[in-house]
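Asker: Listed below, chain by chain, are the residues.
Number of protein chains: 2
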Amino acid sequence: MLIDVARAASLLRENDDILVLCHSHPDGDTLGCGFGLMHMLQKLNKRCRLECADIIVKKYQFMTEGLCDCGDFEPKFIVAVDVADIKLLSDASAQKYEGRIDLCIDHHGSNLHYAKNLLLDASAAACAEIFCELADELGVEITPKIADCLYTGISTDTGCFKFSNTTSHTHVLAARLIDCGADKAEINRVFFETKSRSYAALERLALDSMRMYFDGRCAVITITQEMFRKSGSNDGETDAIPSLARQIEGVLAGVTLKESKDGSFKVSLRTHAPMDASKICKRLGGGGHTRAAGCRIHAPCEEVERLVLEQIKTELDEIDTTE
Amino acid sequence: MLIDVARAASLLRENDDILVLCHSHPDGDTLGCGFGLMHMLQKLNKRCRLECADIIVKKYQFMTEGLCDCGDFEPKFIVAVDVADIKLLSDASAQKYEGRIDLCIDHHGSNLHYAKNLLLDASAAACAEIFCELADELGVEITPKIADCLYTGISTDTGCFKFSNTTSHTHVLAARLIDCGADKAEINRVFFETKSRSYAALERLALDSMRMYFDGRCAVITITQEMFRKSGSNDGETDAIPSLARQIEGVLAGVTLKESKDGSFKVSLRTHAPMDASKICKRLGGGGHTRAAGCRIHAPCEEVERLVLEQIKTELDEIDTTE
Numbered sequence: 000m001l002i003d004v005a006r007a008a009s010l011l012r013e014n015d016d017i018l019v020l021c022h023s024h025p026d027g028d029t030l031g032c033g034f035g036l037m038h039m040l041q042k043l044n045k046r047c048r049l050e051c052a053d054i055i056v057k058k059y060q061f062m063t064e065g066l067c068d069c070g071d072f073e074p075k076f077i078v079a080v081d082v083a084d085i086k087l088l089s090d091a092s093a094q095k096y097e098g099r100i101d102l103c104i105d106h107h108g109s110n111l112h113y114a115k116n117l118l119l120d121a122s123a124a125a126c127a128e129i130f131c132e133l134a135d136e137l138g139v140e141i142t143p144k145i146a147d148c149l150y151t152g153i154s155t156d157t158g159c160f161k162f163s164n165t166t167s168h169t170h171v172l173a174a175r176l177i178d179c180g181a182d183k184a185e186i187n188r189v190f191f192e193t194k195s196r197s198y199a200a201l202e203r204l205a206l207d208s209m210r211m212y213f214d215g216r217c218a219v220i221t222i223t224q225e226m227f228r229k230s231g232s233n234d235g236e237t238d239a240i241p242s243l244a245r246q247i248e249g250v251l252a253g254v255t256l257k258e259s260k261d262g263s264f265k266v267s268l269r270t271h272a273p274m275d276a277s278k279i280c281k282r283l284g285g286g287g288h289t290r291a292a293g294c295r296i297h298a299p300c301e302e303v304e305r306l307v308l309e310q311i312k313t314e315l316d317e318i319d320t321t322e
Numbered sequence: 000m001l002i003d004v005a006r007a008a009s010l011l012r013e014n015d016d017i018l019v020l021c022h023s024h025p026d027g028d029t030l031g032c033g034f035g036l037m038h039m040l041q042k043l044n045k046r047c048r049l050e051c052a053d054i055i056v057k058k059y060q061f062m063t064e065g066l067c068d069c070g071d072f073e074p075k076f077i078v079a080v081d082v083a084d085i086k087l088l089s090d091a092s093a094q095k096y097e098g099r100i101d102l103c104i105d106h107h108g109s110n111l112h113y114a115k116n117l118l119l120d121a122s123a124a125a126c127a128e129i130f131c132e133l134a135d136e137l138g139v140e141i142t143p144k145i146a147d148c149l150y151t152g153i154s155t156d157t158g159c160f161k162f163s164n165t166t167s168h169t170h171v172l173a174a175r176l177i178d179c180g181a182d183k184a185e186i187n188r189v190f191f192e193t194k195s196r197s198y199a200a201l202e203r204l205a206l207d208s209m210r211m212y213f214d215g216r217c218a219v220i221t222i223t224q225e226m227f228r229k230s231g232s233n234d235g236e237t238d239a240i241p242s243l244a245r246q247i248e249g250v251l252a253g254v255t256l257k258e259s260k261d262g263s264f265k266v267s268l269r270t271h272a273p274m275d276a277s278k279i280c281k282r283l284g285g286g287g288h289t290r291a292a293g294c295r296i297h298a299p300c301e302e303v304e305r306l307v308l309e310q311i312k313t314e315l316d317e318i319d320t321t322e
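So the protein sequences, as listed, match chains A and B. Take the first sequence: its letter number 120 is residue 119 in numbering that gives the first Met the number 0, and every next letter is one higher. Take the second sequence: its letter number 294 is residue 293 in numbering that gives the first Met the number 0, and every next letter is one higher.
Any given hint could turn out to be false.
No copy is singled out in the list; a pair is fine if it fits within one copy or between any two copies.
As the list claims (entries may be wrong) - Restricting the straight-line Cα-Cα distance to at most 30 Å, the calculated cross-link-like pairs of lysine-lysine (BS3-like) are:
1) K281 x K265
2) K265 x K194
3) K260 x K75
4) K194 x K229
5) K194 x K58
Derived from the structure by calculation, the hints contain no laboratory data.
Same shape as in the complex, but just chain A (with noise of 0.2 Å):
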């Protein structure tokens, strides 16, 4: 059931024993989100733990300052946060959480409606944007740190206020933020403006790595395991890495292929207009956004690349034929 903000504070300030979920190979909306959730249900005096499949690697460490660990409970009311298809949960937790989310709060139109209350705002440009207005019907002031978790859902999922999805209340937002002390230089300073040494080596190896086709219309890019070995990065720190392709002058379509311990590939697509990403994503079983969408393959590399170019080739044709 589709339902507004005041209902989401309605039912979060009635339960209690709060499960928050994150999605799998987790970003900084779904994590900005769940910790900055976290703050505001422990404010409420509420106990409350967040769950991700995936490690949370450091950078993200500062969402977790001041949270009490409440140690394990029978969760009474689970909620997913940026969570667009139960499955992005990891496929075990899937099984495990099928029909019991009770609330989910995301901005993916592609939302495949999963949980039984559903907070959708798809013209958020980060699911973060949502969490500004939560923070008030729920009459929980924004602290500093509530302030940094959901300042970091925002300037990560805007690509910091560049990507077509940032509006003007994106930034009214932004600056509400700052103002209720969001560290905006140090955040984007951890996430825009440094490298370390092993995800620097890693782009370069990713850089050597793209092809062009279709006369320069799409790149593509793949990243191996072999590489994270051989420039000591991993997979934590390939945020950056799917917009690489796509900033190549004349590229409508850039893909990202990378490859997963298991083998398989999680594909990240970029796209320009009119390129529509999420479309050709979920042709692959997958789904996203307009201009940024994903899906995973399990294939080999080759084959991957061929069922991604397929689609892309249709979707270049289709281009052509209304141009």
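With the hints as your guide, set chain B onto chain A.
Answerer: Okay, now just chain B, sitting in the frame of chain A:
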């Protein structure tokens, strides 16, 4: 004489045949202010012309759309925008306009007060922030085109709201400019999400040249005329290079030495706290902001590097002593 926005607006309103001066090696802020002001002045039916010592590259051309060519005229009022030092106009222009600049609108704390009237707001992240207020004082509506110019100034001078100079007020103004019709998605795509193939090649060469000093706390990049030839790139697309050196984890001072055609070097210094870039560059005959400053040195590359490293060493020693 220091003046406020209302007085600056009066001066502009009282005068006609206005010459607008931008600094050499023009960036998005000086041009955004310059062309933004041109649009405002033409709305007020004034004759005006913009001068810049260097070529204005293609990506800024959108700023001139809708402007009339007022033909040649003897300027009766001269305004410099985002120009901290008259020498930044170019040596020839500095000589030509010495003592003749009626108004300077600037946001550099290091401004040398060379103009008859100075409107200075050193708290503004971009000079374009001041022009938002100026438009109001002039009673000129911020059209989509003016919004484009001013948004470009703000976004380029803040690294798209990423640099520490960004304030909540910067975001409030960005929100306003977006509501006035700034085509932020396209502007950000052009300035932050597009690398020409030649620039991408130059960036690789620049990164290849990176040397680390002082236990990884200083990184130096050199860009030579030879690299421009090799990559097919040019001086007009090097804005993003100075940030690269500072991005490596642990670096407090990122230095870029860019060789000009006359063999001199433009030094760009980007720092993290507590390193004061402005202080260092001032000692080398330049100036700028706390985290981003520059100077020009007429000497061979090795000598330029030695001079800059010497100053950085002094600063680092001071920091080590203080800690």
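Asker: Next, verify each hint and record whether it holds.
Answerer: To see whether the hints hold, each was checked on the structure:
no. : hint        : result
1   : K281 x K265 : within (14 Å within a copy, 49 Å between copies)
2   : K265 x K194 : both (22 Å within a copy, 25 Å between copies)
3   : K260 x K75  : neither (34 Å within a copy, 70 Å between copies)
4   : K194 x K229 : both (16 Å within a copy, 26 Å between copies)
5   : K194 x K58  : both (12 Å within a copy, 28 Å between copies)
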